[in-house]
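Keeping the supplied structure of chain A fixed, place chain B upon it in accordance with the hints.
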Amino acid sequence: MDKNFAARRRRDLIIAAVLAALAASAPLFVKDVYVQNILVLTLMYAALSQSWNILSGYCGQISLGHALYFGIGAYTTELLYTKFGVLPWFGMLAGGGIAAIIAMGLGYPFFRLRGHYFVIATIVIAEIGLLLFQNWEWAGAAMGITIPVRGDSWLKFQFMRSKLPYFYFALGLCCLAWFVTWWLEDSKWGFWWRAVKDNPEAAESLGVVVFNSKMGAAAVSAFLVAIGGAFYAQFLAYIDPESVMGFQFSLLMALPAVLGGIGTLWGPVLGAAILIPMTELTRSYIGGSGRGVDLIVYGALIVAISLALPQGLVSLFSRSKAKGATR
Amino acid sequence: MGLLYGLIAVGLALIFGLMDVVNFAHGEFLMIAMYVSFFLFTFFAIDPLLSAPLVAAALFVLGAVVYLLVVRFAMRAKANAGMVQIFSTFGLAIVMRGLAQFFFTPDYRSIPQSWLGGKTVSIAGIFLPEPQLVGALVSIAAFAGLYFFINRTDFGRALEATREDPGAVALVGIDKNRVFALGWGLGAALVGLAGAIMAVFFYIYPDVGASFALIAYVTVALGGFGSVFGAFAGGIVVGLVEAVTALMLPPSLKSVGIYAVYLLVVFIRPRGLFGSM
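Chains as they are written, first to last, in my numbering: chain A, 1 to 327; chain B, 1 to 277.
Chain A with its partners taken away, still in its complex shape (with noise of 0.2 Å):
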């Protein structure tokens, strides 16, 4: 059993270090501007996945909230260049920092809630942060912030001409939150996790210590999802509350882990190579007409696949040989 974990995860390294390869030199064939912009979202949700699901999926602390650290590491970054001339860089690190100490914060009253109590509170201080910024003259309220342009840089991480660095920077953060989760599956975190997800007072009775396995993976979630907030902004220059707090964010980054297999390593990137594609298409050839066809499709998958395969897809691939796992 050992041997073959080991041997698992030496192979899922290696797949995903053949897949970024593959992926990195996809530019070489997509040269069309749309495509390439497909990509780069494609890859920008498979990182926002996976760094929602080490809280919700590996812990199993269910947060349909985290657009609130997505957006505050966007305003973050985007507050410190505009009005103190601080380099995205830092400003994208700040914010990751910022939203780990509040989910952390948020996280000492929130961990005692259980179930739907979690999830509501966290939809509802997500909506909170949402309206405050809308109502936050300094920060532009409701009309937001346009990011001006100050020419094509990796120093000021901004490009206009291409959209080939946005499409390296999410490959690299979509590596770096695929890394980490690889990591933290075997690390001592992540076997914490799995038994508080699975049944929290035997896994305290056991000597887990609860509460700060949950906080850990608040933090570490929280920080991921905010560098992506940050990366959005840029790849936007434009921010408004609505268009990086907004409620579908916490939705979108859900979704993809859900339909590829939530607590796993692969769903989160599994879900988003099939969903964002799916929902960009469907928006563009069919959702045009503004009739919510797009709406109609999208939402009739999400049941079907959610009732069909309640592990995900990924379970397709390891149906035999996970029988009986709980993995």
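Treat the hints loosely; a few may be bogus.
Said to hold, decoys possible - To spell it out: a stretch of chain B is covered by chain A in this simulated footprint if at least three of its residues, at any positions, have a beta carbon under 8 Å from a beta carbon of chain A; those stretches are:
1) 60-74
2) 197-203
3) 214-222
4) 229-239
Since the hints were derived computationally from the structure, they do not count as laboratory data. Just so it is clear, CB atoms sit at the ideal spot from N, CA and C, and this is done for glycine as well.
Frame of chain A; chain B shown alone:
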């Protein structure tokens, strides 16, 4: 307003109390109810006040159908049960919103002239808008009816029993699915009632449910999941808090007060005001 929140929330609480499922499409039920009421008014000139029972009946059917088509299967999931329920009802909400957009277009609609619209009534020197007043009365009546229904009728007892122990109930010959389907229908019918009244004084558009849904979840959680009485009390609290915040903060921040009170309550009592611990 608080009583209407209560009425919306009671439907949600009933469904939750019945089988531990949170219906994330609850706001969309409300939206559909408002549309039904709107079309009954536009095409048949039936005043929303009269059409309320019809709307409730229509929503009853919708609720039961949703249970039989979707929720029944969601409850069978062995793995990730909570997730499956959340996302299947959520997906359903998105479908319903899409359908509303498809058939009714995203335009804002309102019911221009109803018996109640825009009128106010003066009680002891306080001017109250009539629609809200009637809404409050209907809510109280509906709540009383529900209370009677659950506590005094055979079906109500079957509902309670199924909730206590679905396994044992099967032994005495009660069909669990039937009871649950009726429970969903009933929950939806209550929202239907609320929707019919609200159609008089709110704009009707495909996303209208979303703004009320979150308040409904907060209301239910505030009262304590599973407690129908709690949901009603929660609704009153929410209505009062909203009124008070509206006085102190700019209108765009009025829901912040509701959310803040919710957080405060669950931190002190993680099971809500009337939830069983």
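Subject >> Coverage claim, chain A over the segment 197-203 of chain B, checked by counting residues with Cβ within 8 Å (three needed) >> reply: violated (count 0)
Original post:
Per the coverage rule (Cβ-Cβ under 8 Å, at least three residues), is the segment 60-74 of chain B covered by chain A?
Top reply: holds (count 3)
Original post:
Okay, the segment 229-239 of chain B and chain A, do three or more residues pass the C-beta test at under 8 Å?
Top reply: violated (count 0)
**OP:** Test coverage of the segment 214-222 of chain B by chain A using CB-CB distances below 8 Å; three residues minimum.
**Re:** holds (count 4)
Going down the numbered hints, you'll see the structure goes against 2 and 4, while the others check out.
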